[in-house]
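J.: Each chain, letter by letter, is given below.
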Amino acid sequence: MKILELALHAFGPFTDAVLDLSAGQEGLHLIYGPNEAGKSSALRALRQALFGIPAQSSDSFVHPYSKMRIGLTLRADDGCTLQLIRRKGNRNTLLGADGTTPLANGTVERFLGGLTEAEFKSRFALDHEELIQGGKAILQGGGELGAVLFQAGGGLKNLVEVRRELDRELDELFRPGGSKRRINAGLSELKEANEAKRNAALHSSKWLEHDTARREASTRLAEVELRLSEKHAAKRRLERLGEALPLLTRQRTSEQELAQLGDVALLSEPFQKTRLEAQVRRDAARAAREGTGEAIARLDRQIAELVVDEDLLAEADAIERLREGLAADRKARRALPGEEANLRQALAGAHDLLAESWPHLLSGSREAEEQVVGEPIPGGANVDPRLDRVLKVGEQLRLTRAQKAAIANLAGERTRLAAERAQTSARISELAGQLDDATAELGRLAPPTATGPLDVALRQARDQGDLDRILEAGRNRLAVAENEAARALAQLPLWTGPLETLERACVPTVETIDRFEAEFARIGTEQEQLRTERRSTVAEQAEADGALEQLRQIAGTVPTQDDLVQVRALRDRLWRLIRRAWESNCLPAPDDVGSLLEPRQAPIISPGSLADAFERLESQADSHADRLRREASRVAQHAAALASLHKARQRLDFLEIQEKELLQRAEATRSRWATTWANLGLDPLSPREMRGWLQLRKDLLKQAAELQDLRTEQKGLEGKHVLHHQRLSQCLQALGCPSCPSDESLTALRDRAEAELKRLAELEIKRNRLIESVSKLKRQLETARAQDLVVEQRLETWRGQWAVAVAPLSLAPDVTIEEAAEVVNQATDLQSRIKEARDSQRRIAVFRQEAAQFAGDVRNLCQRVASDLNPDASPGSSSVEIAAGELLQRFRIAQETSTAKQALIRQRESELTSARNAEQSLSEASLQLAALCQEARCALVDDLPRAEQRSRDALELRDRLKVLDEQIQQLGAGEPFDAFRQAALALDLDRLPDQLQALADEISQLDADRGELNQVLGREQQVLRQMDGSSRAAEVAEQAEELKARLAVDVGEYARLRLAAVVLHEAIDRYRQRSQGPVLDRASGLFAQLTLGSFNGLKVDYDDHDQAVLRAVRPGGTETVGIAGLSEGSADQLYLALRLASLGTYLESHEPIPLVVDDILIQFDDDRATAALRALAELSRRTQIVLFSHHEHVCRLAQACVDPDRLLVHRLSGRARAKVIEASS
Amino acid sequence: MFRFLHAADIHLDSPQRGLDRYEGAPVVECRGATRRALENLVGLALAERVAFVAIVGDLYDGDWPDYNTGLFFGKQMVRLRDGGIPVFMIRGNHDAANKMTKDLKLVDNVHVLSSQQAETLVLEDQGVAIHGQSFPTQAVLTNLARSYPARRKGYFNLGLLHTCVDGREGHEPYAPCSLADLRAREYGYWALGHVHTREILYRDDPWIVFPGNLQGRHAREPGAKGCMLVTVDDHHDVVSAETRWLDVVRWETCQLDARGACDGDEVVARFRARLIQLLPCCDDRLLALRVDVRGATEAHASLTSHATHWTSEFRQAALDTGACRVWIEKVLLRTSPQRSLTEDILGDAPLAELAALLDELRGDDARLVALGTRALDDLTRKLPPDLLDGLDSPQRLRGLLDQVGPLLFERLLKQ
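Here the protein sequences come in this chain order: P and D.
Just so we're aligned, residue 1 is where the first sequence starts under this note's numbering, counting upward by one.
Just so we're aligned, residue 1226 is where the second sequence starts under this note's numbering, counting upward by one.
Heads up, some of the hints might be wrong.
[What the hints assert, rightly or not] In silico lysine to any residue, SDA-like type, Cα no more than 20 Å apart, as pairs:
| hint | chain 1 | residue 1 | chain 2 | residue 2 |
| --- | --- | --- | --- | --- |
| 1 | P | Lys392 | P | Thr415 |
| 2 | P | Lys191 | D | Leu1612 |
| 3 | D | Lys1607 | P | Ala193 |
| 4 | P | Lys121 | D | Ser1527 |
| 5 | P | Lys404 | P | Asp388 |
| 6 | D | Lys1327 | D | Pro1361 |
| 7 | P | Lys715 | P | Glu756 |
| 8 | P | Lys121 | D | Glu1523 |
| 9 | D | Lys1324 | P | Ser357 |
| 10 | D | Lys1607 | P | Leu746 |
| 11 | D | Lys1607 | P | Ala1048 |
| 12 | D | Lys1324 | P | Phe51 |
| 13 | P | Lys273 | P | Glu257 |
| 14 | P | Lys647 | P | Gln541 |
| 15 | P | Lys191 | D | Ser1527 |
| 16 | P | Lys121 | P | Arg214 |
| 17 | P | Lys191 | D | Glu1523 |
| 18 | D | Lys1639 | P | His128 |
| 19 | D | Lys1607 | P | Val1049 |
| 20 | D | Lys1607 | P | Glu192 |
| 21 | D | Lys1330 | P | Ser218 |
| 22 | D | Lys1327 | P | Ser204 |
| 23 | D | Lys1330 | P | Ala201 |
| 24 | D | Lys1639 | P | Glu129 |
| 25 | D | Lys1607 | P | Glu195 |
| 26 | D | Lys1300 | P | Arg214 |
| 27 | D | Lys1639 | P | Thr116 |
| 28 | D | Lys1639 | P | Arg47 |
| 29 | P | Lys835 | P | Ser357 |
| 30 | P | Lys67 | P | Phe51 |
| 31 | D | Lys1639 | P | Gly52 |
| 32 | D | Lys1639 | P | Ala185 |
| 33 | D | Lys1300 | P | Gln1026 |
| 34 | P | Lys273 | P | Leu955 |
In case anyone wonders, no lab produced these hints; they're calculated from the structure.
Let the hints inform the model, and build the full structure from the sequences given.
T.: Below you can see the structure in the form of structure tokens.
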């Protein structure tokens, strides 16, 4: 994958800034930005474009969350590209190039081969912090090779920490020999809980034991209680009998005394008291009888002395009325003068009103008028003629309530009508004015115009959209596309002709190229095979030669079967010659035997020489045969070597022929390959390269096709533009607008047409509004005039009603409302004055009548009961009042005398009753005393005290006997009396104390037993009560279960963590085994490079625990340094070396993923930074590297040390809100 | 008409198992649940004025040594005696195994049927004939039902039998019999015991019922627990057999689907919502809850690698939502990742090596067990057998291995 472009539409300080990362094969893209230039933002943007913007973002200080957008263009290794826009949000944050269409989740991940953000960050992102951490972790890890490789291979900077954390967590949970760790402690607690459960459990046998003990104690206690009760009873009886004995003696004595008293009248308890009370009553009655006689005589005398005036008392009702009349008479006398003054005032007021408002009604009675005002009214007159006149006139002017209301209503009505009238008149004049104005304005407006054609033309022009801009954009696009196509064509290798020729040229198909490629590959493979085979055959030959030489050197010439056969053949031939010679007796010819005899050049043919020769050959054959047998193995080796040698030679010959053929085939294929491209005039490169060339050509052709499409499209657009321009300008001219210059833009023309249309439309609207307004005003004017007429008619009606209403007040019909109201008020005032006068007149008459009545009553009463008082009957005389006062005085005295006499009479009655009572009491007391004498069997009252004494004595003795009886029975406690008495009488008093002591001893023994038994019982019951079904053991069991549950959780956790630790350890070890070769080799070189030769490389060693550890090798290769001995800087470089080495190894077998590096060179000096940049540049051959840096010197260093084809520097502008990102290479 | 209660498997004082105590857990409220369930049974009998109570075996745990348990039972029976309610019971396998059974003196209203042979007790007032036989020993493997007496005519015939019938998973195959054996007796109601899950094997003519145990004791005994309230009419026909829930602590498992959840907090939020639905179902009882989280989720790595933390979060959610009524027994985080970390993704990176190693171990039991033994030997040697919990078995180790991967990946990749 490669990142082609990072577009910072709205992110951090950036607005529509674009970072073009497409250049270069893969390339080392150095993105440099000084502080505040947004380097960090750009780095974040790159990551967040891939994996999403986090919920809390610090890059929203210019663009709010909702506007944040990052664009990214990626190219996969198969050539397909993805253009995406990342927005901030919760869902659908990944959008297509248009910025609106959501892309499916996982689209980016597919380009990244499924990497998650965390994996990406750990493996394909490297920053300064990680470098430092990684270096530290290496130092902390002590150079454990596996951990170092594992950590650097995965970018797992916290591996050491993770392992340490796992160990710590495990240690917190459990330690084999520990006691305080959670699981250790839990196990102890569980043990204790189980112990506690056992202790808390109640065994059934224990319960049964205590229950039995309780039952036994209970039974024995019952027995002891029984015996104790018996002994107590016996003791108590003896004591009772002892107590009863003196009582029996006293009983006998009392019986004797009673017998001595003889026959006695037994008197009841209150006898003496009754007798004494009767005597007292008798004596008191006698004294009372004498006292009352004297009192009665005295009272009779006092009654006779008192005299009462009964006649006067008989007139009590009349006297009461007299008292009331006297008070009323006095009140009337005081009120009369005031009332008369009131009457005069009212009459004068009424007269004044009449004279003021209605003088015509009073005319002709001047004197009467004066009289009314000047003279007092005579006291006794009942009818006053002056008053009559005023009243009569007033009567004429009385208005009913309805009449007053009618006047008031009419007055209100008049006001309303007047107001209405004024309103209608005003409205009529206003409407008339408005109508005139509207008509005049309508007349001034210009006539209407037809706008239809312009409207249509404009709509059509608008339907085309912004043609100017589209046209311009099209032109630009076309120009860009043309440039692109020209550039691409220029870049197409091997080709110098025009694009059209390239387009038309017939090129081989991909399949043809594949075929050639396969063929070349086959030839290559075969050649390689042949070469290999040849090498091995030559080796075989050399080996066989070697073997022969060796045999030769060890044992000289080795006999062969052929040698033997050859010698034997010679021998046999000679024998045949010898035989023939012997048989024919003729020596053979020298030619026949020449070669067989010695010397060969001039052999002497003789039987002897023949025989010698035969013997020699015979001996030679035997010797060969013997050697063959004796040196059989060497012979075999020799034979085998010879065979191999022969075979190898044959094979070499064959291979030579094959190679020649193959060369011919290769040449033929190459010539055919060249022929295939001949028509293009090209000298083709390898099929693989030509496939790439074809792809480039295809892309170029595609570009050309697109270019053609663009041209066609552009032409159509130009045509449309001219058409719409013409139409619009024609229509505008038709409407009288000035002619349009042909270079005026369509947009301006359209705006002008729109403005014209708008102006005409507004004019039309105004006209319509005015016409409507005129007709509406006319209608309103008519309505107002009709209303005015109605008001006038209602006013006429009112005038008639008003004349009728004011007539009773003697007013003219044209009187004003205010005047009428004033007259009505005066009439009302007059009526109230008249009413006051009438009331006063009535009250004066009543006063006078009551005074006369009172005087008459007084006189009549005096005639009946006090003829000495004869008052004067004239009105106003005071004698009546005096007489009345005297009468009241006399009546009070008569009442008092009568009361005193009545009291004396009641006292006398009381005395009489007392005298009767005393008599009665005396007789009753005498009778009671007589009865008492009879009861006491005495003749005289004076004998009674003695009889009473005898009776008391007898009763006392009886009581004593009774008490004794009861005491004895009580002591008997229910035992039959006689039996008890007999037993008591039979008691031996002298032995009694001994008997009692014996019983007491037994009882105390039994008491002790009982106490003991009670204690036993109580104890057992207590124990059993404690065993009352308590749930203690069950609770402890539940606690133990809880502990077990806790332990189960902890054990599970421990097992999980422990397995994790063990698995991690094993994985680290395996990774080490697998990767230490390739990664370490690569890292060793990088480390040497990065440390500028301070170290020669890396080496694996083993520590005391046989664990593989990494050591750095000093120059020279002999001295090594343990990782712990490295400086921090070297450790950082070691980490970087391992990291880059792992990545390099990865890239060998995987599709590339860009590496994002952030300011890792901060702490490197220039030389080491240069070395690191070179290492990165080297890696950028295989994958894109995006290196962010704040430091300009890094740029300089990079430009100085990295091949310009490989390095692409992008400068983030330091100016605020960077719009442009410069790129240079 | 009369009514009676049918209860079984009271397992008095058997502790609640598997509840790990934590801050805020309703520890006190959970204590003595079996006792309180028995009190509830007695209370129900008194309130419903039942004619008698039938207890069909396993009153105690077989290995329970505390005589106080028997005394407590005695006290409860006294309450029934004071209410004039007799109790008929047979002994089950656990009772037969417990020594306390022989020693305990029962109140005179409690009648235990013979263990020598099937016996019939008669309640003349209600016209009930109760047939039953106690377990003489712990393991009774004969078919006891066949030797039960024939039905008594003119009576309501009630059979008490502690049995597994024709076998029930998780229960010893004691006193095996078939439904046909039981029906052949022609009783009106078979009150069975031994199986802890409520089950009506047959309705009407006759009723054959396992009432289940009175109180669940661990997560494998979930749901409502109680007894049967049986109403019998004057014709000696069962009118109704209703369930009455008497448990104090209700055991439930909350199956939580974590699919689609983007993080642990969302999973906890889902749990909270589920808990709100669950709570009303158990009235005001305590809820002992096992949470079983499954499904492929983004939260998998976090959940499994920080299991302790998330367990606490679940507990806190329960505290917030369920006041003090919920005890989270265990949170099983059995989620799976949304995508597997394969070698393809990671290339030949160290993590791929780790993933490959995990895969190999997962597929090779022998190697896995060897690794487990090597890693855990120190611990397992110290653990009592009941805490070993299969740590030496490949299944358990595989389960742990499923969590080991995410744990390591999460921690190693943490930024």
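J.: Now tell me, hint by hint, if it's right for this structure.
T.: Structure-based check of all given hints:
{"no.": "1", "hint": "Lys392/P - Thr415/P", "result": "violated (36 Å)"}
{"no.": "2", "hint": "Lys191/P - Leu1612/D", "result": "holds (13 Å)"}
{"no.": "3", "hint": "Lys1607/D - Ala193/P", "result": "holds (17 Å)"}
{"no.": "4", "hint": "Lys121/P - Ser1527/D", "result": "holds (18 Å)"}
{"no.": "5", "hint": "Lys404/P - Asp388/P", "result": "violated (25 Å)"}
{"no.": "6", "hint": "Lys1327/D - Pro1361/D", "result": "holds (11 Å)"}
{"no.": "7", "hint": "Lys715/P - Glu756/P", "result": "violated (31 Å)"}
{"no.": "8", "hint": "Lys121/P - Glu1523/D", "result": "holds (18 Å)"}
{"no.": "9", "hint": "Lys1324/D - Ser357/P", "result": "violated (135 Å)"}
{"no.": "10", "hint": "Lys1607/D - Leu746/P", "result": "violated (94 Å)"}
{"no.": "11", "hint": "Lys1607/D - Ala1048/P", "result": "holds (13 Å)"}
{"no.": "12", "hint": "Lys1324/D - Phe51/P", "result": "violated (70 Å)"}
{"no.": "13", "hint": "Lys273/P - Glu257/P", "result": "violated (27 Å)"}
{"no.": "14", "hint": "Lys647/P - Gln541/P", "result": "holds (8 Å)"}
{"no.": "15", "hint": "Lys191/P - Ser1527/D", "result": "violated (35 Å)"}
{"no.": "16", "hint": "Lys121/P - Arg214/P", "result": "violated (83 Å)"}
{"no.": "17", "hint": "Lys191/P - Glu1523/D", "result": "violated (42 Å)"}
{"no.": "18", "hint": "Lys1639/D - His128/P", "result": "holds (17 Å)"}
{"no.": "19", "hint": "Lys1607/D - Val1049/P", "result": "holds (16 Å)"}
{"no.": "20", "hint": "Lys1607/D - Glu192/P", "result": "holds (15 Å)"}
{"no.": "21", "hint": "Lys1330/D - Ser218/P", "result": "holds (19 Å)"}
{"no.": "22", "hint": "Lys1327/D - Ser204/P", "result": "holds (9 Å)"}
{"no.": "23", "hint": "Lys1330/D - Ala201/P", "result": "holds (18 Å)"}
{"no.": "24", "hint": "Lys1639/D - Glu129/P", "result": "holds (15 Å)"}
{"no.": "25", "hint": "Lys1607/D - Glu195/P", "result": "holds (18 Å)"}
{"no.": "26", "hint": "Lys1300/D - Arg214/P", "result": "holds (19 Å)"}
{"no.": "27", "hint": "Lys1639/D - Thr116/P", "result": "holds (12 Å)"}
{"no.": "28", "hint": "Lys1639/D - Arg47/P", "result": "holds (16 Å)"}
{"no.": "29", "hint": "Lys835/P - Ser357/P", "result": "holds (19 Å)"}
{"no.": "30", "hint": "Lys67/P - Phe51/P", "result": "holds (18 Å)"}
{"no.": "31", "hint": "Lys1639/D - Gly52/P", "result": "holds (18 Å)"}
{"no.": "32", "hint": "Lys1639/D - Ala185/P", "result": "violated (32 Å)"}
{"no.": "33", "hint": "Lys1300/D - Gln1026/P", "result": "holds (14 Å)"}
{"no.": "34", "hint": "Lys273/P - Leu955/P", "result": "holds (17 Å)"}
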